[in-house]
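Colleague: Listed in order, the protein sequences are those of chains A and B.
Take 1 as the starting number for the first sequence in the numbering used here and just add one per residue.
Take 1 as the starting number for the second sequence in the numbering used here and just add one per residue.
Keep in mind the hints are simulated off the structure, nothing from the lab.
Don't take each hint at face value.
Same chains, same names: a pair is fine if it fits in one copy or spans any two.
Cross-link-like lysine to aspartate or glutamate pairs, in silico, EDC-like; alpha carbons within 16 Å at most [as the list claims (entries may be wrong)]: (1) K161 - E69; (2) K161 - D24; (3) K6 - D67.
2 protein chains.
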Amino acid sequence: MEKREKVLSRHVVYRGRILNLRVDNVRVPSGKRAYREVIEHNPAVGLIPLTDDGQVLLVSQFRYAIDEEILEIPAGIVEDGEDFEAAALRELQEEVGFTASELAHVGSFYSSPGFSTELLVVYLASGLSPSKLPEDDDEFIRTVSVKVGDLPAFLKEGKIKDAKTFAALSWLINQDL
Amino acid sequence: MEKREKVLSRHVVYRGRILNLRVDNVRVPSGKRAYREVIEHNPAVGLIPLTDDGQVLLVSQFRYAIDEEILEIPAGIVEDGEDFEAAALRELQEEVGFTASELAHVGSFYSSPGFSTELLVVYLASGLSPSKLPEDDDEFIRTVSVKVGDLPAFLKEGKIKDAKTFAALSWLINQDL
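Whole structure, please, built from the sequences with the hints as guidance.
Modeller: Encoded structure:
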């Protein structure tokens with residue numbers, strides 16, 4: 001049974017800084033027409049920076065869309081044409097002031113496949129060494145270091161309110177470290 | 001240091017079926033102005049349906065935004081004014097044809113807090129029994145049953161391309177079942 005929906009027409013409603021909004025007319029498998037609202041958004045990379053002494057480096061920052069300061073793994077949008085691993089190392093440096101000798105791919109998953117094209121690509125970053133440029137200093141992003149052994153309680157207590165961070169830290173707990 | 005961004009003006013660009021788009025003018029802590037693109041989206045509930053014999057019930061469906069059929073935990077948008085647990089039981093019935101005697105809250109996290117208000121609330125559903133209405137039959141959503149013991153390999157092989165599903169299944173692997 002053909003499940004794919006066929007696009008009949010596309011209409012870009014808004015072209016923005018970090019996202020575009022499209023509303024498409026589609027034909028669904030039953031033969032009827034429907035419309036689909038799609039948020040186009042560049043991919044993002046996320047890092048699980050793991051220190052030699054078993055701590056994870058998270059960041060705390062204010063997120064306007066939810067009007068709240070929350071804890072997340074360091075992450076950022078991949079620039080057009082940018083290599084994913086290069087983006088990962090760039091964000092690691094900009095957000096927590098480290099570079100990594102090892103990057104291991106953890107997973108790639110869409111943040112909200114029901115309406116958004118945003119792909120999140122997560123890496124474990126290890127073999128860390130300090131690497132900060134003066135212009136990376138952002139007093140609005142704070143680094144928070146958590147022992148791997150404390151992560152299960154952290155998650156259970158509802159301290160992680162970001163999907164990719166919940167996914168990444170749950171994954172990390174599963175690894176034999 | 002005050003990190004909150006202050007809204008100066010709000011502008012609703014698009015009011016849609018499953019989302020609205022707002023572009024706000026804000027004052028950032030440094031004193032400068034910036035604009036923030038925000039996708040308003042109702043919360044969603046997700047289920048980890050766990051059978052008595054240790055299988056998880058996932059669903060496979062076509063997702064137009066990413067032009068791909070992917071595996072996810074059963075999930076759906078919470079209707080205006082709907083109770084979260086009621087929404088969870090409704091989606092469990094509609095998508096996989098079961099009801100649950102036990103719902104345990106696993107976590108609540110934003111799918112993409114950088115630009116979206118969408119909150120994902122995930123429950124473990126157990127004590128399952130069949131409960132299907134004829135109108136729930138959707139030939140475009142297919143149930144896929146996976147043994148809990150097979151989940152680590154599943155994730156490692158990149159079979160899960162959805163953030164909330166990666167989070168939920170990683171969490172499940174951590175539980176002593």
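Colleague: Compare the structure with each hint and give your call.
Modeller: Results for each hint:
{"no.": "1", "hint": "K161 - E69", "result": "within (10 Å within a copy, 27 Å between copies)"}
{"no.": "2", "hint": "K161 - D24", "result": "neither (31 Å within a copy, 23 Å between copies)"}
{"no.": "3", "hint": "K6 - D67", "result": "between (37 Å within a copy, 10 Å between copies)"}
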